[in-house]
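*Asks:* Input sequences plus hints: build the corresponding full structure.
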Amino acid sequence: MEQIFKDFKAGKIDTFYRKMYPQLLIYAGRHLGKDYAFLAEDCVQDAIYQTYLHKDSLASTFAFKSFLYSCIYNATISLLRRQAAKENYLSAYTKDEEDENFLNSLIEQETLDILWNAIGQLPKKFQELFELSFEQGMKNAEIANLLNISESAVKKRKAQFITLLRQHFSQKTNDEIRLILIVSLKLLNL
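Taking full-length UniProt numbering, the leading residue of the sequence shown gets 1, the next gets one more, and so forth.
Where hints are given, some of them may not hold.
Keeping only pairs whose Cα atoms sit at most 30 Å apart, straight-line, the calculated DSS-like set for lysine-lysine is [stated by the list, open to error]:
| hint | residue 1 | residue 2 |
| --- | --- | --- |
| 1 | K19 | K55 |
| 2 | K6 | K19 |
| 3 | K124 | K158 |
| 4 | K34 | K6 |
| 5 | K155 | K125 |
| 6 | K65 | K9 |
| 7 | K158 | K86 |
Keep in mind the hints are simulated off the structure, nothing from the lab.
*Replies:* Encoded structure:
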């Protein structure tokens with residue numbers, strides 16, 4: 001063991017991997033249990049890396065082994081805690097909530113497609129206004145400065161923009177309009 005420790009400190013890890021690695025995997029696997037034993041190698045590799053980073057501060061074989069096994073133990077405990085938290089989080093969602101979330105995301109995407117299609121059919125100056133105001137969140141004064149127009153002109157363009165969208169959506173069915181309103185309100189945080 002003393003030679004493995006000296007080689008490890010010198011950066012020669014071949015002997016370490018041949019002689020100690022299998023034992024370390026068994027140790028990690030025992031702590032992880034059969035459900036997570038497949039992650040033992042990740043824990044061991046992380047522990048070896050941490051030990052290698054601290055190799056200069058390890059004064060003895062005992063300190064080396066203690067540090068290495070402590071790192072493996074801590075890695076397995078951390079991994080098990082993360083898995084438990086993940087399982088608790090996932091179990092909080094029921095099948096109905098998953099279905100509802102999926103349906104809501106589908107409706108939202110369809111509505112966004114309709115909205116982007118409508119905006120894409122508007123003249124470029126209104127598309128630019130939409131991007132600056134709603135996507136980038138710029139204030140009217142900032143937009144006026146950027147476009148080299150007055151602030152009142154920005155306000156008028158916004159009013160025209162809304163009028164054009166209303167005209168476009170007045171040709172749509174009630175279901176499409178409801179979808180668009182729901183998503184628009186979400187987008188505008190209303």
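*Asks:* Which constraints among the numbered hints does this structure fail? Numbers only, ascending.
*Replies:* 4, 7
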